[in-house]
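Mature numbering (1 follows the signal peptide of the UniProt record, and there is no 0) puts the sequence shown at residues -23 to -1, 1 to 138.
Fair warning: there could be bad hints in the mix.
Listed next, with one range per pair, are the computed distances between beta-carbon atoms [said to hold, decoys possible]: (1) Ile92 x Glu128: 49 to 57 Å; (2) Glu74 x Leu38: 23 to 31 Å; (3) Asp23 x Ile66: 48 to 56 Å; (4) Tyr50 x Leu73: 48 to 56 Å; (5) Leu38 x Glu100: 49 to 57 Å; (6) Arg121 x Asp93: 38 to 46 Å; (7) Pro29 x Glu111: 35 to 43 Å; (8) Tyr50 x Asn102: 37 to 45 Å; (9) Ser104 x Leu60: 30 to 38 Å; (10) Leu117 x His137: 28 to 36 Å; (11) Ser56 x Lys82: 36 to 44 Å; (12) Leu117 x Gln80: 53 to 61 Å; (13) Lys101 x Asn31: 46 to 54 Å.
Hints listed in this document are in silico derivations from the structure and should not be mistaken for laboratory results. Note that CB positions come from ideal geometry on N, CA and C, so glycine has one too.
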Amino acid sequence: MIFMASLWVFFFFLKIDKPPTFGLRQWSNKFVRILSLNSGSQEDVDFFMKQPGNETADTVLRRLDEQYQKYKYMELNLSQKKLRLKNQIPQITQTLEILRHMQKKKANVMLEYDIDEAQALLEKNLSTASRNLETLEDDLDFLRDQFTTTEVSILQCCLHR
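With the sequences and hints as input, model every part of the structure.
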């Protein structure tokens, strides 16, 4: 993802009842209003600071800090999910290998599912977990970009004082 340091972007999250069930990029495109200043020039910063709700630099800094803390919280949650998935994938893979070994040896073991159903379910769970891990990694990259953007915005606001 290309990040231009001169791009000044503020995200204002809308309140929603349910957390997103898809990636952050899609979530931000659906539920976030974006105000961007195409260049970090002094005129653009002045224009932005004259908008309603941006009367003082302290007000804007407070909102930016609040946004930064939201990103940090989201990063913590996504990192925990990523860790769980990274632990879950090898377990599913190992269970699949055991199941295939049982099938190869024509084991006659009583299971909750028959071997074919269990294998199909485990393969589905493995592909879902792998796909979710990729999405989480994309989301974490997106958040890192947002950290940088927010930090640049904070700096520009401090310089505007």
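Each hint tested on the structure:
1. Checked against the hint of 49 to 57 Å, the pair Ile92 and Glu128 passes, with Cβ atoms roughly 53 Å apart.
2. For Glu74 and Leu38, the Cβ-Cβ distance of about 54 Å falls outside the hinted range of 23 to 31 Å, so the restraint is violated.
3. Range check, Asp23 to Ile66: about 51 Å between beta-carbon atoms, so the 48 to 56 Å window is met.
4. Here the CB-CB span from Tyr50 to Leu73 is close to 35 Å, at odds with the stated 48 to 56 Å.
5. One distance hint, 49 to 57 Å for the beta-carbon pair Leu38 and Glu100, holds here, with the actual separation near 50 Å.
6. Distance hint check: the CB atoms of Arg121 and Asp93 are about 43 Å apart, consistent with the given range 38 to 46 Å.
7. For the hinted restraint 35 to 43 Å between Pro29 and Glu111, the CB-CB distance of approximately 40 Å keeps it satisfied.
8. One distance hint, 37 to 45 Å for the beta-carbon pair Tyr50 and Asn102, is violated here, with the actual separation near 28 Å.
9. Between Ser104 and Leu60 the CB atoms are about 20 Å apart, so this pair departs from the stated range of 30 to 38 Å.
10. Take Leu117 and His137: their Cβ atoms lie about 30 Å apart, and the range 28 to 36 Å holds.
11. Taken as a hint, the range 36 to 44 Å holds for the pair Ser56 and Lys82, whose Cβ atoms sit roughly 40 Å apart.
12. For the pair Leu117 and Gln80, the supplied restraint of 53 to 61 Å is violated, since their beta-carbon distance comes to about 37 Å.
13. For the pair Lys101 and Asn31, the supplied restraint of 46 to 54 Å holds, since their beta-carbon distance comes to about 49 Å.
Comparing the model with each earlier hint shows violations of hints 2, 4, 8, 9 and 12; every other hint is respected.
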